[in-house]
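Visitor: Can you build the whole structure from these sequences, using the hints too?
Note that the protein sequences, when read in sequence, are chains A, B, C and D. Numbered per the working numbering, the first sequence spans residues 1091 to 1269. Numbered per the working numbering, the second sequence spans residues 1091 to 1269. Numbered per the working numbering, the third sequence spans residues 1139 to 1556. Numbered per the working numbering, the fourth sequence spans residues 1139 to 1556.
Any given hint might turn out to be false.
Straight-line alpha carbon distances no greater than 25 Å define the calculated BS3-like cross-link-like pairs of lysine-lysine that follow [what the hints assert, rightly or not]:
no.: 1; chain 1: A; residue 1: Lys1213; chain 2: C; residue 2: Lys1221
no.: 2; chain 1: B; residue 1: Lys1196; chain 2: B; residue 2: Lys1209
no.: 3; chain 1: A; residue 1: Lys1194; chain 2: A; residue 2: Lys1251
no.: 4; chain 1: A; residue 1: Lys1234; chain 2: C; residue 2: Lys1221
no.: 5; chain 1: B; residue 1: Lys1202; chain 2: B; residue 2: Lys1251
no.: 6; chain 1: D; residue 1: Lys1281; chain 2: C; residue 2: Lys1281
no.: 7; chain 1: D; residue 1: Lys1221; chain 2: B; residue 2: Lys1234
no.: 8; chain 1: B; residue 1: Lys1213; chain 2: B; residue 2: Lys1234
no.: 9; chain 1: D; residue 1: Lys1168; chain 2: A; residue 2: Lys1234
no.: 10; chain 1: A; residue 1: Lys1194; chain 2: A; residue 2: Lys1209
no.: 11; chain 1: B; residue 1: Lys1213; chain 2: D; residue 2: Lys1221
no.: 12; chain 1: A; residue 1: Lys1234; chain 2: A; residue 2: Lys1202
no.: 13; chain 1: A; residue 1: Lys1218; chain 2: A; residue 2: Lys1194
no.: 14; chain 1: B; residue 1: Lys1234; chain 2: C; residue 2: Lys1168
no.: 15; chain 1: A; residue 1: Lys1251; chain 2: A; residue 2: Lys1196
Just so you know, the hints here were simulated from the structure itself, not pulled from any lab data. Computed from a predicted model, the values in this text were never measured in an experiment.
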Amino acid sequence: MVAEKIDRVARPGEIPSAVGEAAREPDELDDLYREIILDHYRCPHNKMAPGATDLTCSDRNPICGDELTLGIEMQGPCIRRVCFEGRGCSISMASASMMTDVVKDKNVEEAKDWIRTVKDLMKGVGRKSDDELGDIEALKGVAKFPVRVKCALLCWSVLEKALARQDGTRPAHGEEKGR
Amino acid sequence: MVAEKIDRVARPGEIPSAVGEAAREPDELDDLYREIILDHYRCPHNKMAPGATDLTCSDRNPICGDELTLGIEMQGPCIRRVCFEGRGCSISMASASMMTDVVKDKNVEEAKDWIRTVKDLMKGVGRKSDDELGDIEALKGVAKFPVRVKCALLCWSVLEKALARQDGTRPAHGEEKGR
Amino acid sequence: MALAAERQPVLDVQAVRDLFPILEQRVHGKPLVYLDNAATTQRPRAVLDAMAEFYESYNANVHRGIYAFSEKASARYEEVRSKVQALIGAAAPEEIVFTRGTTEALNLVAQSWGRANLREGDEILVTEMEHHSNFVPWQMVAKETGARLRCARVTDEGRLDREDFRANLTGRTRIVALAHVSNVLGTINPVADLAREAHTRGAIVVVDGAQAAGHLPVDVRALGCDFYAFSAHKMYGPTGVGALYGRLDLLDAMEPTMGGGGMIGEVTLERTTWADVPHRFEAGTMPIAEVIALGAAVDFLLDLDRETIRAHEERLTSYALARLKSCRGVKVFGPPTTAGRAPVLSLASHDVHPHDLATVMDRDGVAVRAGHHCAQPLMRRLGVGATARASFALYNTTDEVDAFIRSLEHAEAFFRGS
Amino acid sequence: MALAAERQPVLDVQAVRDLFPILEQRVHGKPLVYLDNAATTQRPRAVLDAMAEFYESYNANVHRGIYAFSEKASARYEEVRSKVQALIGAAAPEEIVFTRGTTEALNLVAQSWGRANLREGDEILVTEMEHHSNFVPWQMVAKETGARLRCARVTDEGRLDREDFRANLTGRTRIVALAHVSNVLGTINPVADLAREAHTRGAIVVVDGAQAAGHLPVDVRALGCDFYAFSAHKMYGPTGVGALYGRLDLLDAMEPTMGGGGMIGEVTLERTTWADVPHRFEAGTMPIAEVIALGAAVDFLLDLDRETIRAHEERLTSYALARLKSCRGVKVFGPPTTAGRAPVLSLASHDVHPHDLATVMDRDGVAVRAGHHCAQPLMRRLGVGATARASFALYNTTDEVDAFIRSLEHAEAFFRGS
Ligand SMILES: Cc1ncc(COP(=O)(O)O)c(C=O)c1O
Ligand SMILES: Cc1ncc(COP(=O)(O)O)c(C=O)c1O
Ligand code: FES
Ligand code: FES
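Guide: Spelled out as structure tokens, the structure:
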């Protein structure tokens, strides 16, 4: 659930319980917008139109309406290259940029493992060490911002959809839900 | 508007405004259920089925669903006799009983004047002296019980409807409204 | 709160009453005896506090807000969905749709599921004891679609006539709509059995739980119903909110009945796609404070434990039934014992009109309701225009039942002139 | 209360702020600057007190109750109808129907008047700046009836394109539905003129007053509209309630959209008759506490005087517009001056996504909204996916506008990396 971020100076005679419950964390903003994220946002990797022969797939973040399209160049069971285009916030763009790096030259199973890893990260569950995560580690802070989790996951859900379509399976239910 | 009839012992530290605003009137019940009303209720006058040649007219109190039918024996412009039947509370039955007494042998104009008189009485406006009102005076207390005003007026609205039908006019808008 | 002592389900009524400040009031100089709980219950302080806390410390519109208040409000709002899910045993929070109350919930099913699935010649089966809110919506959709509305009879004892129910349940019945508890008779319908019969005929089962949710343990999956509707204000929650439970697969296939903010996927001039359930059915700004306060009411009910509440209310009902037996000229409608009976008592006096009863009792501080209770078909069946109704809640006491009987006798004497 | 000094319509903002305890809060350690008033306003203590008073001292269901609480609650409930009538200049209290909010009110008109009066080939005219709540309901009823939905364009300045409006207003137009004030652009539409044009073509005029009722003096008869909808929660009232104004002759001829308690005349298995307006449209237990609190909000608005409020909010808007001019890379949508403009400011930054703006500003204590604001057709027209929106209310100050600008610059710098 969302962390309590509201506090207030108690007025005289006030019941303490009406006052914000959690200690404030003034540097949470930096947890969300880590330097690595801002770098990817300002200079995204592989942000370009998909090639004519790419496997393409799009989806929309229902919360904000932002849309993201992936272009995937496959070679057998192997992802040769992923590019993306679309509109979105820094988190979604940075996440997509990082994703194109990390799944490059991975096979489908490895990519799916990355999808699971990032989804778990958004629930605060770590499946890989910070070292293994590399830049992706910077997405950890998003978990504290529930409304932004969908931003971070947008590209990953599109990838999941694309791979499912590729091998005929359907993506796990759940992430698509909500509005 | 309805009189404030709710009061409460103020608890310590309580804001006085939350406490009932008006002084209570323990004998208001007797204002509503005057002895004359109870007499008419227990032994109603002219409570019987309308005759075959009577002008009949019915209506329903939308608040409670009670229904009242009048049978009116006319002779030219003159009301020879009125009887009633139906289901209703003491106020509605007593009012009907009194009405049959008061409009007996009156002409249509006089009857209409009585209708206006009783309607005004329900708004707390007196058009006749207590002497002129006779038993009807006992209905005065109903004005303090807004939900019961329609009870007292039920028979009078039916009479109004009947007379309007008789001379082709329509009853004044307003009383029929609401629920 | 541990008002229900463990392993011995006896409610500490005095402790409960302390949670409801309004019960200390005096009316016309008499202590208030509030027995109109079937119309609306009172609210415990925790419910009022939840609402005040929202308004005073994080009031904001929910969903889509990126700032602190809105995030907190949204999270609390959605948490209540899970609480309601737990309260009624739904399979998933998505099966809970917030509405203005029971009435809107039932209309939603009639207009969405009904309009889409009813054809000329189809049948809808209701019962004679339905509240207008579970009667008129079906009549309206029947008229619109050419379906036929049928109505199962009530026995002289005030129970559903099972034979007549079966006779009216045909291969053409698409919908069976019935009350879990009658708001006039107190009758608890055997919903699980009736649902089984309805399902074998291929009908869906819509249950009006307005009078049950605050009084009985409710488990929609054990009941086997497809839809279940109730109002917060009859279960210690605020006015302005209620909920519809719907089986996920049914809800998923349903069209929304209202368009607006929050229920859409994408809107273009040409066409609009809908959001997933349950948001598809929650158009516009919802009663946010009210939903949050409903959450507090659910906590309150679960905390006290509904078996314990039920036991207390059964004791009151049984005591009242026994005392009423000695009231000359007073007829009590509905089942004669507390078996299959909720704490709702309708009565008619031979000599006194229900509205006169209610007026006199009010002057004694006793709040009962007189009228047709939005159940005119049932009034016709009972052969009366109206009844006087006393209905109990968990904060009522046997002393209050005594005050009620005293006042009833006072009213009788007053009109009889003895 | 005399917060508006006589003959000099200047609001004593500090005195006003004292009526809103929530404004004293701190968010993330910063003083709260609440600028999401177009989503929902905060509520003054008087509104919360009215609700608490109801729940704590006379809570009961309204209508038909014969005891003290219920009589008082019913009288208070109906009094609010007259208050709302006075607020918007309706001819009679019966012209006011209580609803859950603007969305339900607009759906009511679409489903009742629309379904009954629209035929294949008829047209409904909306504008590109409509909120989904004044767009989707028309699209739904158009689809159902075979009517055609047309949409009048918005100019580059964010005003309704009058030429295009006229071009789309045809002899087949039955309904013109438009916002009094746009929730994205702040544009105040010239409703009186447009209504006149629509009426000469024989169309009825439905106005979405959600963003107007709490900010502008509203007079439905001067506007000449046939229906007017608004929500309490956007005008200092509670969530869960709003109102629909409808011309009495139109309402009188309309069928209810929901069936249930309180909206009937007589119910039999064969047929049901409806209650008179407005009760015909108020099925089931209404949001009673909320209606009563809406009454307190109306008193509050009338007390402060809407001309005075408007003048204050115009000053804030004009100050904000001027300050935003100096913000590099920030584009402000909507009319460039305060003429015909309400206190709603949408903006887009060249470098920063609206959601990132909102997140950073939240950390500075500044609550603004980011998103499509339930106006996707307008977003498409503006060529953006979302905007960041600041919207003012009577308790906002120029100091808060400064804080907003500072925070905006902070966010810009943060993402630009300078
Ligand atoms: C212009 C406009 N119309 C309609 C609505 C819908 O109001 P509500 O959500 O209160 O039903 C809103 C508010 O969101 C609005 O700003
Ligand atoms: C059995 C029953 N059904 C439906 C309703 C309607 O509930 P609401 O008025 O809260 O919509 C009530 C309450 O009046 C009821 O008792
Ligand atoms: S706000 Fe749209 S993807 Fe983040
Ligand atoms: S209560 Fe029905 S007429 Fe008085």
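Visitor: Each hint needs a verdict: does it hold in this structure or not?
Guide: Evaluated hints:
{"no.": "1", "hint": "Lys1213/A to Lys1221/C", "result": "holds, 21 Å"}
{"no.": "2", "hint": "Lys1196/B to Lys1209/B", "result": "holds, 18 Å"}
{"no.": "3", "hint": "Lys1194/A to Lys1251/A", "result": "holds, 17 Å"}
{"no.": "4", "hint": "Lys1234/A to Lys1221/C", "result": "holds, 23 Å"}
{"no.": "5", "hint": "Lys1202/B to Lys1251/B", "result": "holds, 11 Å"}
{"no.": "6", "hint": "Lys1281/D to Lys1281/C", "result": "holds, 21 Å"}
{"no.": "7", "hint": "Lys1221/D to Lys1234/B", "result": "holds, 23 Å"}
{"no.": "8", "hint": "Lys1213/B to Lys1234/B", "result": "holds, 9 Å"}
{"no.": "9", "hint": "Lys1168/D to Lys1234/A", "result": "holds, 19 Å"}
{"no.": "10", "hint": "Lys1194/A to Lys1209/A", "result": "holds, 19 Å"}
{"no.": "11", "hint": "Lys1213/B to Lys1221/D", "result": "holds, 21 Å"}
{"no.": "12", "hint": "Lys1234/A to Lys1202/A", "result": "holds, 24 Å"}
{"no.": "13", "hint": "Lys1218/A to Lys1194/A", "result": "holds, 18 Å"}
{"no.": "14", "hint": "Lys1234/B to Lys1168/C", "result": "holds, 19 Å"}
{"no.": "15", "hint": "Lys1251/A to Lys1196/A", "result": "holds, 17 Å"}
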